[in-house]
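> Can you build the whole structure from these sequences, using the hints too?
Residue numbers (the UniProt record's numbering), protein chains in the order written: chain F, 1 to 972; chain B, 1 to 972.
To be clear, the hints were calculated from the coordinates, so they are not data collected in a lab. All the given hints hold, so there is nothing to weed out.
Under the rule of at most 30 Å between Cα atoms (straight-line distance), these lysine-lysine pairs were calculated in the DSSO-like manner:
#1 Lys321(B) x Lys97(F)
#2 Lys282(F) x Lys116(B)
#3 Lys97(B) x Lys127(F)
One letter stands for each residue in the lines below.
2 protein chains.
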Amino acid sequence: MFSKMATTVHTPFVLLLFQIGVFSLPVSQTPQESPTCGYKSCHAIKPGMLNVHLVPHTHDDVGWLKTVDQYFYGARNDIQHAGVQYILDSVVDQLLKNPDRRFIYVETAFFYRWWKRQSGDMQDTVKQLVDEGRLEFVNGGWCMSDEATTHYSAVVDQMTIGLRFLNDTFGPCGRPRVAWHIDPFGHAREHASVFAQMGYDGFFFGRLDYQDRSRRKASREQEMVWRASESLVPPVADLFTGILPNGYNPPEGFCWDQLCDDPPIRDDPDLEDYNVEDVVSKFLTVAQEQAKVYKTNHIIMTMGSDFQYENANLWYKNLDKLIRYVNQKQVNGSNIHVLYSTPSCYLQELHRANLSCPYFPMRIDDFFPYADAAHDFWTGYFTSRPALKRYERISNSYLQVICNQMEVLGGPTSRNGSFGVGNSDTMKKAMAVAQHHDAVSGTEKQHVADDYARRLANGWTQCQVLVSNTLAALSGSSAPRVYCEHLNISVCPLTESSTFDPEVMWVFRRLCSTSLQVVPVSQATVVVRRDRGYAVNELLFQVRAPPMGYSTYSVSLLQKGPPPASPFPRAPKDIQNKVRAWRFLKVTFDPETGLLSSLSNLETQQTVRLSQNFYWYNASDGNNKDSKQMSGAYIFRPNSSTTFIISKTAKIETVQNSVVQEVRQWFSPWVSQVVRLYADSRVLELEWTVGPVPIGDNMGKEVITRFDTSINSSGIFYTDSNGREVLQRRKDYRPTWTLTQTEPVAGNYYPINSRAYIKDEKDQLTVVTDRSQGGGSIQDGSLEIMLHRRLLHDDVRGVGEPLNEASDLYPEGLVVRGRLLLSLNPPAVAANTHRPLAQEVVLQPLITFTEGLLPPNTSLPLDFSGLQTALPPAVHLLTVSQWDPDLVLLRLEHQYEARDSKEHSQPVTVNLQVSPLPSTFILLTGLSPSYRCAVCLSGEKPLPKTKGDPSVWEVTLKPMEIRTFLLRVRLR
Amino acid sequence: MFSKMATTVHTPFVLLLFQIGVFSLPVSQTPQESPTCGYKSCHAIKPGMLNVHLVPHTHDDVGWLKTVDQYFYGARNDIQHAGVQYILDSVVDQLLKNPDRRFIYVETAFFYRWWKRQSGDMQDTVKQLVDEGRLEFVNGGWCMSDEATTHYSAVVDQMTIGLRFLNDTFGPCGRPRVAWHIDPFGHAREHASVFAQMGYDGFFFGRLDYQDRSRRKASREQEMVWRASESLVPPVADLFTGILPNGYNPPEGFCWDQLCDDPPIRDDPDLEDYNVEDVVSKFLTVAQEQAKVYKTNHIIMTMGSDFQYENANLWYKNLDKLIRYVNQKQVNGSNIHVLYSTPSCYLQELHRANLSCPYFPMRIDDFFPYADAAHDFWTGYFTSRPALKRYERISNSYLQVICNQMEVLGGPTSRNGSFGVGNSDTMKKAMAVAQHHDAVSGTEKQHVADDYARRLANGWTQCQVLVSNTLAALSGSSAPRVYCEHLNISVCPLTESSTFDPEVMWVFRRLCSTSLQVVPVSQATVVVRRDRGYAVNELLFQVRAPPMGYSTYSVSLLQKGPPPASPFPRAPKDIQNKVRAWRFLKVTFDPETGLLSSLSNLETQQTVRLSQNFYWYNASDGNNKDSKQMSGAYIFRPNSSTTFIISKTAKIETVQNSVVQEVRQWFSPWVSQVVRLYADSRVLELEWTVGPVPIGDNMGKEVITRFDTSINSSGIFYTDSNGREVLQRRKDYRPTWTLTQTEPVAGNYYPINSRAYIKDEKDQLTVVTDRSQGGGSIQDGSLEIMLHRRLLHDDVRGVGEPLNEASDLYPEGLVVRGRLLLSLNPPAVAANTHRPLAQEVVLQPLITFTEGLLPPNTSLPLDFSGLQTALPPAVHLLTVSQWDPDLVLLRLEHQYEARDSKEHSQPVTVNLQVSPLPSTFILLTGLSPSYRCAVCLSGEKPLPKTKGDPSVWEVTLKPMEIRTFLLRVRLR
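Structure (structure tokens):
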């Protein structure tokens with residue numbers, strides 16, 4: 001299926017130098033590293049014995065109960081005792097005391113903060129520790145990302161920032177060889193795929209379903225090979241995956257951190273309570289027990305936990321003793337050998353075992369949902385904090401679409417221009433931090449959620465300066481630019497102002513295809529539904545903007561003063577026109593209830609019965625005989641499977657003009673929806689508004705919308721993984737193990753990052769979401785999506801707060817608005833719609849305004865595109881971003897899965913030479929370019945002599961492939 | 001009053017080499033130290049500015065909530081997070097990082113444990129830190145002793161062990177220059193006197209009465225000169241004394257330990273919550289406020305607290321920043337200078353200020369009782385855990401009287417002889433640990449109290465081997481020796497045994513005078529009052545033993561089998577013979593009540609009305625409108641001043657023989673007493689038994705006995721200070737400040753270590769106690785002593801347990817037995833009785849047994865004395881102990897105060913040359929010989945040529961003087 005080359009060669013970029021394919025790096029093919037680090041720095045093992053690899057480590061959340069900076073400095077220790085600056089101080093000190101000691105560090109967001117405050121001497125010392133393999137980085141992203149609620153584009157970015165820092169700072173010895181997701185609450189296949197493509201040799205995690213774990217222990221299948229893509233050619237996405245024995249904690253009784261109370265080793269016989277024999281004997285038992293549930297004669301023990309090693313001496317002093325006294329037993333016949341180790345040294349030994357025998361099973365599904373007990377499904381966080389989840393998603397869009405692009409187009413002027421100093425780093429780092437598994441996941445404390453949002457807002461501010469600088473340079477106009485960041489809730493002070501006069505509107509796009517957008521702006525005023533803003537009307541019209549470019553429109557006011565009432569026809573409450581249809585779609589409403597009743601694709605002439613309404617589950621308050629588990633930020637546990645309907649009927653109002661037909665539905669004072677059908681769109685838009693969720697009845701509520709259709713889905717539905725490949729989900733079933741279902745709703749929920757669908761032979765109804773949400777298909781033909789949660793209890797997983805979002809700004813509770821985009825297609829071609837649609841939602845256009853008319857003699861082009869031609873439909877421009885003053889980072893991907901589409905699931909070739917960028921390029925590659933580039937740049941090659949041959953710059957992408965390049969750019 | 005020399009020259013010891021007088025060392029006369037340590041290592045100050053001396057320190061209790069070894073290792077961190085091994089590891093590491101940093105360490109019991117586990121390299125490193133004054137020892141005793149409940153002899157010993165270790169290990173630079181009692185709960189004048197005599201340059205503490213503190217702050221009198229003796233010639237016992245500003249904690253908001261939650265200094269402007277300006281500004285305010293309550297332009301801040309600096313990096317990293325940023329303000333006109341400092345560096349600056357102006361006031365009284373609020377008098381611990389207090393006292397006696405003496409007499413054989421390997425070190429260290437301010441004080445948790453007792457018991461075991469070895473060597477008999485440690489509760493398995501046959505009894509004495517003792521031993525059986533033991537009778541007879549020697553008696557059984565009933569006459573219940581009199585005393589009982597009614601001294605023909613009974617205060621449970629304070633281990637707070645009488649009458653029984661007249665009184669099932677009048681004694685003995693204190697009524701009880709007399713005491717009574725000088729106490733009054741009395745009973749309680757008395761012109765009634773107790777004189781002519789406490793609530797000072805002593809061994813509550821010894825004398829001569837009497841009680845004889853008759857041809861002397869002649873009555877042999885294989889430590893003291901006695905309060909001269917010890921001597925001196933010896937030994941002088949002149953060996957002692965010598969001994 002990969003053999004056929006696309007017929008057209010697209011050439012958006014210029015001057016390919018060379019390019020290395022993305023590949024999964026086998027253990028034995030480690031790239032050259034200094035001889036003292038990496039696998040060569042591992043301690044000797046004893047072949048005939050059970051080798052116990054002790055891995056000293058700390059798990060440092062990039063925000064959770066405290067903000068990332070509070071964690072770094074050790075502020076607010078009244079909330080939680082944790083100070084990462086001290087951890088790194090202490091670990092370095094202790095590593096220096098004994099060359100046998102090892103430590104791994106994971107979260108580069110923290111390491112970076114620490115590093116930049118160190119003296120040159122200290123930096124040299126640390127470099128030496130890294131060069132000698134005594135300090136080893138694992139994972140190495142800016143954070144340890146959440147897997148259920150992140151979008152792959154942001155994950156790739158955050159990994160890039162972290163790995164690049166390590167590469168720039170430490171070179172090859174700083175390169176992480178294993179991915180390490182010890183805490184995320186379930187594991188996405190796309191994450192494993194990305195890690196494999198980044199060249200990680202293995203992946204370790206701590207959490208999986210307790211039933212899955214139990215049978216894996218019994219069958220010694222806790223270590224496996226995860227085939228993480230159904231499209232990429234093996235072994236590209238194959239990744240060794242290991243389940244750690246105690247989550248990520250040490251064995252019980254052997255935690256010697258200051259945060260633990262386990263007895264230290266007391267080896268002075270002159271003092272009371274000498275306990276060496278006791279400790280050694282307990283340890284030998286623990287090791288033997290653990291060896292029973294793993295296959296090789298190597299076992300790993302994670303000696304550390306959350307924010308441990310702040311005083312590393314406690315750990316190392318006792319570990320030194322443990323190793324000494326346990327190994328001393330060998331002279332008496334003990335066959336257990338303990339050593340300081342790292343995950344990669346452990347992995348190396350597994351790899352060696354693997355050479356002689358194909359030990360490890362294969363896994364192809366993912367690790368969702370995660371349950372740690374029968375009624376404890378971690379499926380609530382798929383939806384928790386929906387407003388933060390949306391803000392993270394549009395911030396990503398803003399960074400990708402506008403900020404990165406403007407930085408590349410504007411060059412140095414973008415960062416220091418007529419509007420001052422701006423940057424994209426603030427947003428990049430804010431986004432990277434937001435990927436953390438207690439950030440966008442919604443499982444942090446309220447004040448920390450506020451901090452993530454504040455960081456993103458700071459990113460916007462910095463980006464806006466940068467964008468203004470670039471636009472001023474490109475256009476020659478330095479008129480103040482207004483961004484109207486609150487257009488998502490239809491608030492824009494500029495356009496709402498009564499003094500509003502002619503203005504210029506700019507629409508920016510990033511996607512490498514053109515399409516229609518509807519831009520709500522006010523005339524003199526903007527309509528605001530519900531209680532935000534003061535405007536009463538809105539201006540709707542179609543715009544078209546080129547890929548990686550912008551279009552400019554002028555808006556003039558024809559008549560001052562309040563607009564005439566109801567510029568568009570509004571229907572009375574009882575629905576008059578119950579059928580809405582336009583060129584591509586038809587939608588009908590039940591005149592009795594005001595609810596949707598059917599959806600038709602007019603092109604394919606297919607129709608499904610489709611009703612939709614809003615419901616809530618009563619969140620468990622733990623008062624239940626089966627289990628005391630309460631619903632909370634992590635865990636979704638409805639008190640019963642009963643859904644409570646908000647209203648059987650909707651009050652409706654209709655609006656229609658040349659651009660859009662709207663049906664506005666009111667279900668209750670806190671639930672409403674606008675159903676929109678655009679003239680030229682194949683997608684039905686449902687803009688829902690939920691909140692403040694009432695809790696006066698002392699019942700926590702988990703609000704869903706549910707689509708009930710005539711589709712014969714047979715207990716199966718589909719969800720995407722991190723916005724990319726799609727996995728099949730079957731009710732009350734797990735592909736690789738026999739499930740005992742104990743939670744009929746929560747146990748059937750899965751993360752929806754960008755889309756979900758149900759289908760039968762004929763019809764596929766796809767719902768594209770505007771943020772990550774949880775959802776399920778509890779009945780055949782039905783698809784439900786959780787929109788909002790307001791809970792009254794903590795779920796006892798550490799966050800210590802009920803998920804009850806309210807503040808000074810919204811004292812009665814948070815109102816959330818969002819969009820669901822529905823398409824109905826035959827299954828075989830459905831991807832042709834939902835793939836580009838989902839990218840469209842992820843990478844939204846930006847609209848900005850300047851007041852006053854454009855000067856008639858302006859040299860400003862009204863339209864501009866950074867691409868010479870649009871990329872072919874199968875190719876998505878994943879990343880374009882300034883790498884350093886000379887280099888631009890480019891990532892292209894094939895956005896279709898192999899099985900997606902007869903039309904698009906083909907290899908496609910693009911030529912990088914054809915581009916509007918006025919530059920020459922040097923191209924280097926690797927999905928995460930930091931390490932690849934470190935390798936390549938060290939032997940940087942000259943420009944090819946064969947400049948005239950355009951085929952040098954051709955890049956072929958197979959389905960789901962991601963290719964990374966660094967382009968050297970010079971302004972023409 | 002010191003001018004007159006005693007007429008007789010006593011010469012117990014041989015061969016004086018030289019001797020240096022004990023003196024208080026002025027700051028300017030520091031003995032030679034290496035040029036880089038001591039006062040020379042202090043950082044420069046800025047003369048024109050307010051200099052803030054930051055003193056990094058940790059306060060490490062030698063047992064409290066955990067045992068000393070649990071604290072050392074950091075075991076049982078579930079009780080309290082504290083691990084001293086890590087503190088020392090960490091502090092040394094951090095000191096090495098910045099030569100400006102300073103640290104002081106206090107408790108040598110911990111330092112010693114740490115030191116002996118360090119490598120040679122580490123020891124060298126630490127030596128260098130000490131040599132450079134970066135690590136400074138303060139106080140330096142084995143522990144920080146309690147001041148209210150310790151006996152000076154044990155305090156001197158524990159200081160000696162600690163200081164000797166420092167001297168042996170570090171030489172002059174290890175010498176502590178300041179005493180540092182930051183935590184003890186009130187301060188004894190005798191402690192200050194001992195410190196002054198040991199050559200400390202100053203003394204700092206943290207706790208004093210809140211009213212005293214308040215007026216001292218207002219008048220800037222928080223620093224003073226304490227004249228700590230009314231007998232020693234100034235400035236021998238003058239000691240600079242400073243009250244620390246925040247107890248021993250840092251100022252509020254500036255605690256950067258891992259145990260604290262104060263915000264760290266966040267000085268990276270790229271991160272959120274940059275707070276340098278805020279911290280600096282707060283610090284400047286704090287410093288200015290503190291400067292207002294001290295006199296000089298130097299202030300001290302104690303930057304540390306309980307078990308802090310386990311991760312010293314947290315402290316130092318922030319202190320480094322604080323110093324940098326605060327001092328940076330000087331360029332903007334700030335006149336505050338912050339520096340790392342130590343108490344001695346601070347003291348040096350005060351001394352310099354003092355040179356120009358006699359700033360500091362004089363203090364002559366002591367700092368008891370301590371109250372930290374109106375109803376929070378720390379006067380309960382004077383009595384808390386009376387059994388532990390007694391065990392500590394008899395252990396001291398055993399160490400001093402037997403163990404030390406036998407070691408000196410036995411030489412190396414004592415430590416390794418026919419009974420195996422024994423030592424005195426175990427007991428010395430156990431005793432040293434027991435002096436800690438949460439040990440003998442009774443303010444530790446129950447399991448820790450058990451640990452102190454266990455340590456003492458181990459000490460006894462080791463000593464018994466040593467004693468057996470020596471006696472076997474001296475006597476040529478290696479018959480097994482039985483010690484009958486439970487004679488205090490009249491239990492001795494050997495003598496109680498029905499197979500008991502002829503045995504030899506040995507009576508050991510230490511006091512340098514002869515006197516009578518009554519030894520209860522069984523015939524075939526031993527009588528046991530109450531419910532312990534099985535014996536029904538006892539054998540009483542007089543023994544006489546020489547000072548520092550022993551006497552041997554044979555006991556033969558004349559008739560086997562149970563003894564005849566009532567070998568002594570017993571009176572019926574209604575008292576027949578209500579007057580008891582012998583040669584020196586007469587005592588009468590009220591026939592109606594069975595209580596004492598009068599006491600007469602037949603020699604002086606004086607009589608007082610004296611009634612005595614037992615009462616209890618109802619311990620406050622905090623349910624009180626004035627304050628929620630409860631009575632607890634520390635705090636005595638009766639619910640009201642009402643005393644509840646246990647019984648208005650006593651059932652009595654009388655016993656009389658040629659040795660003793662006894663009246664046995666039963667007040668209740670849990671209170672009884674035996675009143676004993678010995679034939680040749682000037683002292684009336686009251687042996688009380690209290691317990692188990694009933695708590696079935698849910699009322700905590702504080703049991704007292706009260707003497708009500710006809711003495712016109714005018715609101716005044718007297719108590720000793722640590723068993724030495726006596727202070728006058730006046731009801732509702734403090735000598736140096738105006739008291740607002742808020743607790744009429746608890747606020748008039750004082751520690752009684754060895755004696756208390758009331759008197760008028762004619763009569764002085766003195767009560768000598770057998771352990772430390774609390775007491776007061778609440779009414780004129782009355783003296784009450786608290787005997788036992790059983791409480792139901794914790795008093796919220798950290799111990800976290802009610803003082804409710806019960807265990808598997810005594811499930812119904814602890815029974816305590818003790819003795820009060822009464823004497824009635826004219827005030828002018830009373831000391832002639834109570835001084836030797838109190839020493840007699842402190843240094844009790846030991847009785848041991850061997851079975852079988854002595855062989856007729858034995859060469860064993862039946863009597864033996866280590867002294868050639870008895871010392872003169874004014875001279876007390878405070879210490880005689882093996883120092884090292886060649887040297888014996890000797891301390892002599894004048895045991896009378898200057899005002900005590902016309903007869904004895906005179907200078908007295910002894911000649912050390914006359915001694916029964918078969919040896920030659922080299923004599924070195926200093927109360928705490930470690931440092932003095934370090935100084936002296938470095939210039940050790942040869943034996944004087946004038947051997948023939950005995951006056952070379954004469955030592956003159958003035959009242960209350962203590963002189964220390966090291967004697968070089970060679971067996972003849």
